[in-house]
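Enquirer: Here the structure of chain A is known, so what remains is to put chain B in place on it, guided by the hints.
Chains A and B are the protein sequences, given in the same order. Quick note on our numbering: the first sequence kicks off at 236 and runs consecutively. Quick note on our numbering: the second sequence kicks off at 157 and runs consecutively.
What the hints contain is simulated information worked out from the structure, not anything from laboratory work. You can take every hint at face value.
What follows is a set of in silico ranges between Cβ atoms, one per label pair, in the way DEER data are often shown: (1) A:Lys408 with B:Gly168: 41 to 51 Å; (2) A:Ala461 with B:Ala252: 56 to 66 Å; (3) B:Gly168 with A:Arg367: 35 to 45 Å; (4) A:Pro343 with B:Arg243: 25 to 35 Å; (5) B:Arg243 with A:Phe288: 16 to 26 Å; (6) A:Ala353 with B:Arg217: 47 to 57 Å.
Incomplete in silico selection of chain A near chain B, CB under 10 Å: (7) Arg281; (8) Gly285; (9) Arg307; (10) Gly312; (11) Tyr318; (12) Leu320; (13) Phe332; (14) Gly333; (15) Glu335; (16) Arg337; (17) Ala381; (18) Arg384; (19) Pro390.
Here are some, though not all, of the chain B residues that point toward chain A, as calculated from beta-carbon distances under 10 Å: (20) Ala330; (21) Thr332; (22) Gly334; (23) Ala335; (24) Gln339; (25) Ala348; (26) Thr350.
From a predicted model like this one, the values you see are computed outputs, not experimental measurements. Even for Gly, the Cβ is constructed at its ideal location relative to N, Cα and C.
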Amino acid sequence: MNVEMRGLTKSFGPTPALNAVDLSVSNGEFLAILGPSGSGKTSLLRVLAGLEFAESGTIVIGGRAMEGVPARERGVGFVFQNYALFRHMTVARNIAFGLEIRPRRLRPRAHEIRDRVASLLDLMGIGDLGGRYPDQLSGGQRQRVALARALAIEPALLLLDEPFGALDAKVRKTLRVWLKDLHDRIGLTSIFVTHDQAEAMEMADRVAVMQAGRIEQVDTPDCLYAEPASAFVHEFLGEAIRLDCLVADGVARFPGLPSAVLPTACRPGAAIALIRPYEIGFIVRPGPAHVVSVHANGPLKRVRLLIGGVGIEVLSPAEGWTPVVGENCDLELSKARVYPV
Amino acid sequence: MTLPSRRSALPGFSLTLGITVVWLSLIVLLPLTLLALRPWTLGFAGVWQSVTEPRVLAALRLSFGTAALAAAVNMPLGLLVAWVMVRYRFPLRNLADSLIDMPLALPTAVAGIALTALFAPRGWIGALLLPLGIRVAYTPLGIFVALVFVGLPFMVRTLEPVIMEMPREAEEAAATLGATRRQTLLRVVLPALTPALLAGFGAAFGRGIGEYGSVIFIAGNMPMVSEIAPLLILIRLEQLNYAGAAALALVMLLASFAVLLSLNLLRARMRRRS
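Isolated chain A (complex conformation):
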């Protein structure tokens, strides 16, 4: 189902949790909402599910406006960060819950429910755990049960809140691949929330980066990485070197680096340039960068430099020119992106 969010605004006291959020998700898409804690990503998910309500704005899921529709009628599957399994029910009863509570005329027959539960258990790869209680399961298994329970009602939209937040690193890695495969197989429109940029970039078709209740950028992982729309997105997606600069006449100039002149569309005035450590190039000629140390580090060398008293760390291919400790050289910054301060 398509999901359309327009102008969603919600605040907790004076701080906005959601600040005029617009977001569209197309049918079958796997979208990640990425942001630091407190950026409003979980609020957005809860508003979508009808567990909380926005003060203004509209949500349309599959062509149906969600205004005034309670959570139980939205047909939205929700996987909670701590799974929220019903501890007094077996795994099978947990999964069957959403079907068993339906009014009689909508409820599948008992054997149909049994079959559905069995096939979901198989789909999750936990076919033999139906008779267990949640307390007898590992974190990864609980995660799968929570997912099966959400899928049992055949939701129009699946929401996952930090699906791997409570798991250890190794299980997380396996489940990531598994969940991505599962999504590709069943093709259900899904949105998941995470603060882990590697998780978002690896799994999602598109990533929405949130900060302070706003969506900073929505794009495919590749485009997001190649063209970060703001300094925040650039820095959140990975290690970046931050250089102060001054924009005038359509170019950015760096104090202490007279040779670097960068054309930019950024508005005139003080600005910052961000560049990934491996995007900086060396120019073999005496220049303002002083080589402090060089460490071989696999396929890349880690080179520490001083530019006008500021220390930076650059990654440079192992083959190619090797700067020598104590020498001076010049830098090539053409891949830097300039953002207003």
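Expert: For chain B alone, kept in the frame of chain A given last:
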């Protein structure tokens, strides 16, 4: 009994276990043993006769019946109070919180006199109920009211920590799966609280059986009608019929023990399942 022979990080296992056993024997087991031995000076037939008098049977029925009924009524009431105290923040909440413990802190005789004054035919509530033909003071109904009063804190304090620990997400999960509020309550919340409800019932019931001070003033103590078993024990003691008092006490002890034991077994079975 097998004792763990492995070395434990906690020191003094045998010492602590020794003190526990001695203390339990001294404080609990010894008096109870004495109680169990005392009646038999009457001989078996004498004991049997002493505890099957119609007046005794009526008192036992009254004590156990009203205690069970009061504890049962305290289940929904206590649940409601505990729920509100845990889940909502409202003005004077701290005051309300301390009020819950008042029935425990108050000398029971004070509570009894206050309740009697309230429910007597000319008391504030008694006067309102009289035209409706309801008499509370000096009837079994009065005993029930007193036992609800003293039992409430047991129910509330047993439930509160369990409700506090219950993740709100479970209710939200039920909602996203299509459950109505009612279905969530009946299928998710109450089953999760059942063990605690049973524990609270046991505590309130146990207190109700033994309750004396708050009951005797409001009960009226008419033999065969509103005379509770603890009072009957006291009457026998005053008549210097020590063996007869002990016989009645033994019956109460065994009956209470049976009830509490079965409650605990039921709870253990539910715990094993989850």
